[in-house]
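Based on the sequences and whatever the hints tell you, model everything.
What follows is the residue order along each chain.
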Amino acid sequence: MTAEVLLPPLPPPETPWRRLRREFMADRLAVFGLALLVLALLAAVFAPWISPQNPYDIGKLDIFDSKLPPGSRDAADTMTYWLGTDGQARDLLSAILHGMRTSLLVGGVSVAAALAIGSAVGLAAAWFGGWIDALLMRIVDIQLSFPAILVALILLAILGKGVDKVILALVIVQWAYFARAARGAALVERAKEYIEAAQCLSLGWPRLLFRHMLPNCLPPLIVIATIDLAHAIALESTLSFLGVGVPVTEPSLGMLIANGYEFLLSGNYWISFFPGIALALAIVGINLVGDHLRDILNPRNAH
Amino acid sequence: MAVLDVQGLQTHFFTHGGVVKAVDGVDLRVEAGEILGLVGESGSGKSITGFSVIGLIDPPGRIVGGHIRYLGEDLVGAPERRLQALRGKEIAMIFQDPMMTLNPVLRVDTQMVEAIHAHEKVTAKAALARARDALAMVGIPSPDERLRAYPHQLSGGMRQRVAIAIGLLNHPRLLIADEPTTALDVTIQAQILHEVQKLCRETGTAMIWITHDLAVVSGLADRIAVMYAGRIVESGATAAVIGSPSHPYTLGLIDSIPTRATHGTLLRQIPGMTPSLLNLPPGCAFRPRCGRASDECLMVPQAAPGPAGKVVRCWNS
Amino acid sequence: MSAFIIRRLLQAVLVMTVMSGLVFIGLYVVGDPVSMMASAEATEQDRAEIRASFGLDKPLWQQYGIFMSHALRLDFGKSFLTGQSAMGLILERMPATLELALVSMGLAVLVGIPLGIWAGLRPQAYSTRGIMAGSVLGFSLPNFWVGLMLIMVFAVQFGWLPASGRGATGHIGALDLSVLTLDGWSHLLLPAVTIALAKAALIIRVTRAATREALPMDYIKFARAKGLRWSRILRVHLLKNIMVPIVTVGGLEFGQVVAFAVVTETIFAWPGMGKLLLDSIITLDRPVVVAYLILIVFFLVMLNLVVDVLYSVLDPRVRLQGAKA
Chain A
0 MTAEVLLPPL PPPETPWRRL RREFMADRLA VFGLALLVLA LLAAVFAPWI
50 SPQNPYDIGK LDIFDSKLPP GSRDAADTMT YWLGTDGQAR DLLSAILHGM
100 RTSLLVGGVS VAAALAIGSA VGLAAAWFGG WIDALLMRIV DIQLSFPAIL
150 VALILLAILG KGVDKVILAL VIVQWAYFAR AARGAALVER AKEYIEAAQC
200 LSLGWPRLLF RHMLPNCLPP LIVIATIDLA HAIALESTLS FLGVGVPVTE
250 PSLGMLIANG YEFLLSGNYW ISFFPGIALA LAIVGINLVG DHLRDILNPR
300 NAH
Chain B
0 MAVLDVQGLQ THFFTHGGVV KAVDGVDLRV EAGEILGLVG ESGSGKSITG
50 FSVIGLIDPP GRIVGGHIRY LGEDLVGAPE RRLQALRGKE IAMIFQDPMM
100 TLNPVLRVDT QMVEAIHAHE KVTAKAALAR ARDALAMVGI PSPDERLRAY
150 PHQLSGGMRQ RVAIAIGLLN HPRLLIADEP TTALDVTIQA QILHEVQKLC
200 RETGTAMIWI THDLAVVSGL ADRIAVMYAG RIVESGATAA VIGSPSHPYT
250 LGLIDSIPTR ATHGTLLRQI PGMTPSLLNL PPGCAFRPRC GRASDECLMV
300 PQAAPGPAGK VVRCWNS
Chain C
0 MSAFIIRRLL QAVLVMTVMS GLVFIGLYVV GDPVSMMASA EATEQDRAEI
50 RASFGLDKPL WQQYGIFMSH ALRLDFGKSF LTGQSAMGLI LERMPATLEL
100 ALVSMGLAVL VGIPLGIWAG LRPQAYSTRG IMAGSVLGFS LPNFWVGLML
150 IMVFAVQFGW LPASGRGATG HIGALDLSVL TLDGWSHLLL PAVTIALAKA
200 ALIIRVTRAA TREALPMDYI KFARAKGLRW SRILRVHLLK NIMVPIVTVG
250 GLEFGQVVAF AVVTETIFAW PGMGKLLLDS IITLDRPVVV AYLILIVFFL
300 VMLNLVVDVL YSVLDPRVRL QGAKA
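Chains as they are written, first to last, in numbering that gives the first Met the number 0: chain A, 0 to 302; chain B, 0 to 316; chain C, 0 to 324.
One should not assume that every hint holds.
Unchecked claim - Mimicking PhoX-like on lysine-lysine, the simulated pairs with C-alpha atoms at most 25 Å apart in a straight line are:
#, chain 1, residue 1, chain 2, residue 2
1, C, K239, C, K220
2, B, K88, C, K220
3, B, K197, C, K239
4, B, K88, B, K124
5, B, K124, C, K239
6, C, K220, B, K20
7, B, K88, B, K197
8, B, K88, B, K120
As the list claims (entries may be wrong) - Residues of chain B clear of chain C, computed beta-carbon distances all greater than 10 Å:
#, residue
9, A126
10, Q190
11, S255
12, P304
No lab work stands behind these hints, which were simulated from the structure alone. Computed from a prediction, not measured in an experiment: that's the story for all the values here. For glycine and all other residues, C-beta sits at the position ideal for the given N, C-alpha and C.
Written out as structure tokens, the structure reads:
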């Protein structure tokens with residue numbers, strides 16, 4: 000009878016995701032950034048439920064409560080305005096939670112759309128090459144040579160106000176970054192052998208592009224998407240601040256800051272200050288995450 | 000007094016993976032006007048030895064023991080100021096790849112004149128004149144044009160000549176050359192070797208020529224030191240080392256050089272591989288590859304006087 | 000070299016033409032500037048008169064044709080709002096913006112390069128980690144919020160610096176410059192710092208990365224072997240080698256600063272082109288917007304040209320050709 004020697008099972012090989020997570024967690028700043036981001040997301044998602052007050056229900060607002068400093072009680076003494084109130088007697092904490100929602104929504108949707116469109120264009124340019132590539136990239140170059148804010152301003156002047164229009168403007172401003180990055184990554188991947196091998200199997204080009212090439216082009220695109228998310232949120236807040244962004248009925252953090260601007264000089268600083276802190280924390284969080292992701296996914300650091 | 004007298008030099012690198020004993024007990028001596036060939040394969044520690052002498056060991060590396068006596072003065076532990084005063088003035092060094100040694104965005108004259116100004120107060124004119132003379136000395140035609148050129152406009156051989164000229168600008172007593180001809184064509188190599196030899200004889204400069212190529216150094220050097228895994232295993236007059244090698248490693252090196260006589264036969268090799276400096280075998284580092292290894296070799300051999308005035312580290316030489 | 004410059008200028012003209020067309024169409028399609036200009040009681044006839052006087056009743060392509068023929072003479076029409084020459088309006092306010100932009104970038108570079116080199120020299124030091132964390136903060140914080148906070152602290156709280164306006168200016172020839180007066184500086188400081196913060200952060204990052212790449216190079220080691228002092232090595236050997244990426248980013252950002260000036264000028268009520276642009280966009284004052292955009296495009300192309308020429312000066316290995324350098 001042969002004795003079967005049972006070898007201890009090998010640990011499962013580390014999947015790329017596991018490795019990514021491990022390397023990411025190694026940097027404390029990045030983890031801190033991630034924590035901020037998660038906090039912002041939670042605030043945004045659960046805003047309607049966790050806000051002490053619905054800031055857009057005009058009926059509930061008591062004008063005597065306006066411009067109260069942080070920590071005051073309301074006139075009816077039913078709740079505390081932890082962060083104070085603004086010029087319209089809205090509880091700032093609630094306004095910030097809702098504003099975060101709008102900011103993140105607008106930023107997130109526009110980046111997602113820009114990512115999808117830009118990547119498609121970039122991949123197509125790299126795949127088909129020739130005059131298609133030249134034409135598409137010329138358009139991208141022209142678009143990229145204009146400062147984003149000018150393009151956005153003009154677009155919004157044409158399109159008017161509204162959350163959907165802001166998202167559209169942001170998408171138009173951002174898609175070019177993704178297109179260029181996607182094309183770069185795709186060109187590199189295209190030269191690799193596995194594409195040739197797949198071609199030998201006479202797979203159609205849609206399948207080649209999306210099932211084979213795209214997943215390998217993702218890392219740099221993810222990094223750009225993260226950093227771009229921060230830019231998008233900042234840009235939207237700037238536009239709202241200037242008065243051409245989201246409408247007053249659905250204020251984003253930028254709009255809140257704008258509303259508080261006039262009160263700054265009279266010493267009611269909190270109306271601009273707290274929304275600004277919230278915005279800054281969200282953006283800093285995203286940037287810390289994106290920064291570290293870029294370091295990890297940098298091909299020069301590949302093991 | 001010897002220009003350079005190194006005793007028991009130890010330079011270790013403290014890395015995350017462990018301690019790399021790049022140089023572990025090296026003795027060297029160079030007299031004025033003498034050319035010493037320091038021979039070894041990559042990873043033997045020869046370049047690090049050169050850097051140690053000139054004081055350019057950066058963290059995580061450190062000289063942990065031994066003495067480096069330049070004209071009697073011990074450089075180990077000397078203040079950085081003193082080392083800086085010596086570098087480029089009394090002890091000069093040239094590196095392997097002249098393309099990257101010369102700063103690509105600065106002109107040749109800038110890079111030469113600054114070497115002079117670092118140590119002396121002379122007028123720009125005087126410095127330029129000296130630079131011109133130095134270029135002429137290393138055999139560069141139309142030196143004025145070359146002075147105004149940028150490094151990438153010169154050929155590899157000329158760049159290395161410029162580097163040598165820079166090395167000799169301040170008339171150092173000791174010149175350390177780290178594989179200076181490895182990156183060059185064989186014909187240029189021969190030219191430069193010849194010129195360097197002539198220069199050293201004329202100016203009385205002592206030189207350490209670091210190389211992995213035993214053939215190159217056999218025609219050039221007065222004395223040879225063979226290095227393996229951080230230690231000098233054999234050193235002595237060139238004729239003695241090459242003509243009658245005592246250490247098995249030296250023997251292996253010489254044997255593996257293809258010559259007319261070995262034409263048509265299988266090339267001889269030293270069996271095995273160079274050990275990783277992180278993981279040296281106990282005792283003599285060459286033991287795992289050595290045909291003469293015995294139990295004694297589990298202890299590090301001491302450097303002992305051998306035949307023909309050589310110094311050998313081997314129990315079984 | 001001159002062939003290169005001429006080619007770039009031609010490209011600039013092409014881009015400006017395309018641009019003008021796009022913007023022209025865009026602004027025409029939406030909005031009726033006449034309703035902005037006419038008062039509420041204006042009759043239909045009044046409006047028709049206004050429309051005719053500005054040529055807005057003609058078909059689009061004809062308007063564009065007229066516009067282009069004037070543009071070639073650098074006449075961009077009159078502002079719908081004030082009736083002044085559109086280009087004149089902009090040029091009037093340009094020096095203020097340019098001055099702000101130059102001072103901001105100057106600050107950013109003066110602070111950013113040394114800090115970046117420091118961070119590159121000592122990557123593990125605590126001070127470096129502080130600098131790098133600070134730089135993330137620098138480019139993350141929204142520009143306008145930084146401005147607001149600075150006002151809050153320095154103007155409202157401490158009252159050290161004015162919160163808005165340009166203050167006194169001095170003369171040099173035809174130019175009014177704030178940097179020539181102390182009062183001008185006190186007004187210039189807050190807006191300049193607002194802009195400089197984010198730009199300095201970017202410059203720090205670029206400088207650090209370039210420094211880390213350059214330091215292990217052989218030529219640095221050779222310079223040390225020559226016995227040169229670190230101050231010389233950093234000042235001459237390192238600096239010249241890292242300038243190319245710094246100039247690239249610096250040039251790009253300078254263009255951004257001039258364009259983005261809108262925000263800072265709004266907050267600090269700085270009388271520059273940016274504020275003018277914003278108002279013109281909101282009121283659909285088309286001639287001014289178009290004139291501004293043409294000017295900006297020209298400026299950006301010139302900036303790119305200058306940057307490319309600088310490359311060839313900084314790095315002698317770069318040869319400028321008609322193709323991309």
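Right, here's what the structure says about each hint:
1. At roughly 16 Å between alpha-carbon atoms, K239 (chain C) and K220 (chain C) fall within 25 Å of each other, so this suggested pair holds.
2. Proximity of K88 (chain B) to K220 (chain C) is assessed by CA-CA distance (about 16 Å); at most 25 Å being required, the pair is judged to hold.
3. With a CA separation close to 37 Å, the supplied pair K197 (chain B) and K239 (chain C) exceeds the 25 Å bound.
4. Proximity of K88 (chain B) to K124 (chain B) is assessed by CA-CA distance (about 19 Å); at most 25 Å being required, the pair is judged to hold.
5. Our distance criterion of 25 Å between C-alpha atoms is met by K124 (chain B) and K239 (chain C), whose separation comes to about 24 Å.
6. Between K220 (chain C) and K20 (chain B), the direct Cα distance comes to roughly 22 Å. Compliance with the 25 Å bound is thereby established for this hinted pair.
7. For the given pair, K88 (chain B) sits about 20 Å from K197 (chain B) by alpha-carbon distance, which is consistent with the 25 Å threshold.
8. Of the supplied pair hints, the one linking K88 (chain B) and K120 (chain B) holds, its CA atoms being roughly 13 Å apart against a limit of 25 Å.
9. The beta carbon of A126 (chain B) sits about 13 Å from the closest Cβ of chain C, which is more than 10 Å, so the claim that it is off the interface holds.
10. For Q190 (chain B), the requirement that its beta carbon stay farther than 10 Å from each beta carbon of chain C is met, with the minimum near 22 Å.
11. Against chain C, the non-interface label of S255 (chain B) holds: every CB pair exceeds 10 Å, the least being about 30 Å.
12. The claim that P304 (chain B) is not at the interface with chain C holds, since no C-beta of that chain comes within 10 Å of its own (minimum 34 Å).
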